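In case you want the letters, here they are:
There are 2 protein chains.
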Amino acid sequence: MSKIYIGIDIGGTNIKFGVFDKDLNIIGKSSIEAKVETGAEVMIDRIGSHIEKITADNNYTTEDVKAVGMGSTGQFNLTEGIMYSCPNMPLFKNVPIRKMLSDRTSKPCVIENDANTACYGEYACGAGQGSDNMVFFTLGTGIGGGIILDGKLVHGTDDSGGELGHIIIHPGGRLCGCGQRGCIEAYASASSTARRATEAVIACEPSSLKEVLDEKGAISCKDVFVHAAKGDKLAEKIADETARDLAIVCIIMRHVTEPHKFVFSGGMIAAGEPLLNAIKKHFADMIWSMKKEDVEICFAQLGEDSGIIGAAALARDIK
Amino acid sequence: MSKIYIGIDIGGTNIKFGVFDKDLNIIGKSSIEAKVETGAEVMIDRIGSHIEKITADNNYTTEDVKAVGMGSTGQFNLTEGIMYSCPNMPLFKNVPIRKMLSDRTSKPCVIENDANTACYGEYACGAGQGSDNMVFFTLGTGIGGGIILDGKLVHGTDDSGGELGHIIIHPGGRLCGCGQRGCIEAYASASSTARRATEAVIACEPSSLKEVLDEKGAISCKDVFVHAAKGDKLAEKIADETARDLAIVCIIMRHVTEPHKFVFSGGMIAAGEPLLNAIKKHFADMIWSMKKEDVEICFAQLGEDSGIIGAAALARDIK
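Going line by line, the protein sequences match chains A and B. All residue numbers in the first sequence are consecutive under our numbering, ending with 319. All residue numbers in the second sequence are consecutive under our numbering, ending with 1319.
Isolated chain A, as found in the complex:
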């Protein structure tokens, strides 16, 4: 029987698992509760047990598992396989998570931050397929990023490269959670888009979003795009500013690693074609005229499976 790869995506609530063949076809998937309060040793042991279970459930033996990949939020030393810290898991400090997982499973393991696993998943099997030079964004509460260059993830000196949400686009502007001012994350994440709309409504700018705020007590990013689609002027303006700011970051990255493809993922892409077309329009309007740019801007294709797929792809590609 041919070899299989396990991809794991650790979230604050659940840990997702996928079993993949060498071509990264999904054989099976499942999840367990994260129970982050139990600490690293217990969690790694539970992960090891679930790898055994999901392997057996899909009619394989642990002998068939060739390697394991695991993605999580957090700060890492990827070379050493250490998780320095993780906002979802306060008990995980300087944990040699790769060695622990490798010891528990007796398999080669790779760890990676979750934006990078999602990026690598889209590169290996999704919207980025065949594009050895791509840039990836996740648009959610924050903005995560990943860079593929010459077919490999860019990690930077201390594994904090590709933190594209903290590219400054409006110096001195809105305060970001990271401590900087003017980050793209402080403007164009789903949360920040909702926040800008809320602030405008509270400042009495006329909008159909006022009713949403009055009724639900909060405006979501989805509300902004829904009301923009219905023709509300304020919502249109907020949505357009988000698209423009995302286009600015694409232009910046085009002059840095010059990707052939930009892939957007995360909850916000539910806004669909109007968002994508607006990003493309602003990109074309603002990019230099020195040369014609041949670049694709598109949405991710793998949805919530990108993390387990990317983790499995990294496991497959362990050298």
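Don't take each hint at face value.
Claimed, not checked - In silico DSSO-like links for lysine-lysine, alpha-carbon gap of 30 Å or less:
1. B/K1291 with A/K93
2. B/K1152 with B/K1233
3. B/K1003 with A/K152
4. A/K292 with B/K1093
5. B/K1291 with A/K152
6. B/K1035 with A/K291
7. A/K99 with A/K66
8. A/K107 with A/K319
9. A/K291 with A/K152
Read the hints as simulated data drawn from the structure, not as lab findings. Fair warning: this is a prediction, and the values are worked out from it, not measured in the lab.
Fit chain B to the given chain A structure using the hints.
Using the frame of chain A, we list chain B on its own:
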């Protein structure tokens, strides 16, 4: 006798040549007029003849020349070795310059844009030595850039990566020569720094630079830094804004490829420690607080030889 490498730096007026040993020690250098109006074939032939001359002048034979590297401004297809266009040399359109040079010299040749050769020179022998992940800027009429990642130059999909002068830092701001608005080049190059000072003086902001403008008819970037050092408030403000904008680009790049070192070169670094210290201060003030940054910001060390050294280093490193 051991092998030697030839490094060539093509400018609009002169072509500089250097002869180097395998450790990139400089054995000899000289230059010839560019005579760009004679076209590609004549120029490449003259370059070939001068390689023979400089080799003999330094007591080597053409047998000793192992490889030749050449840098120039312009747009290239580096994989194919084609110069698409060059602002200094309007007759050079889609010229297979690497093959022509290789045919003329019977040696392996490499071509590269001049910001990248200078970057590679500083990486191989200058301020970037030992730093496999660095970012390089040239501050002159424009702002050029180069990125070293894992010890290699970043070229991007169509060899227009590392064009760091066109990173947008003030969306909708000053018009850049490239057609974009708000590029770092439109604010913090030597020319743009001088231009911002000139505009302020013309707008009647009080400054000792007014006398310079009245007497010489123009304010240079050097004037700005000299008057800032003497305590002129406007010059101080303009110089500080330049340093701040350069710090913003460093922060952006720190979140992208996360270099360990930033190296600034070009005429503007004659401004010395006050400029360097101001960039460092703004970087420290504006960078995120999520982790302590361990990064060096410094000036280039090779001066005008960086181009020939970098070209020779690229020749040495031909695979």
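Checked hints:
Between B/K1291 and A/K93 the alpha-carbon distance is near 14 Å, which keeps this suggested pair within the 30 Å criterion. Distance restraint check for B/K1152 and B/K1233: the Cα-Cα separation of roughly 42 Å exceeds the 30 Å cut-off, and the hinted pair is therefore not satisfied. Simply put, B/K1003 and A/K152 have alpha-carbon atoms about 35 Å apart, too far for the 30 Å limit, and the pair is violated. A hinted pair counts as satisfied when its Cα atoms are at most 30 Å apart, and A/K292 with B/K1093 qualifies at roughly 16 Å.
For the proposed pair B/K1291 and A/K152, the alpha carbon gap of about 25 Å is at most 30 Å, so the pair holds. Between B/K1035 and A/K291 the alpha-carbon distance is near 27 Å, which keeps this suggested pair within the 30 Å criterion. Of the supplied pair hints, the one linking A/K99 and A/K66 holds, its CA atoms being roughly 16 Å apart against a limit of 30 Å. A threshold of 30 Å between alpha carbons decides the hint, and for A/K107 with A/K319 the separation of about 13 Å falls inside it, so the pair holds.
With a C-alpha separation of about 27 Å, the suggested pair A/K291 and A/K152 falls inside the 30 Å cut-off, and the hint holds.
Comparing the model with each earlier hint shows violations of hints 2, 3; every other hint is respected.
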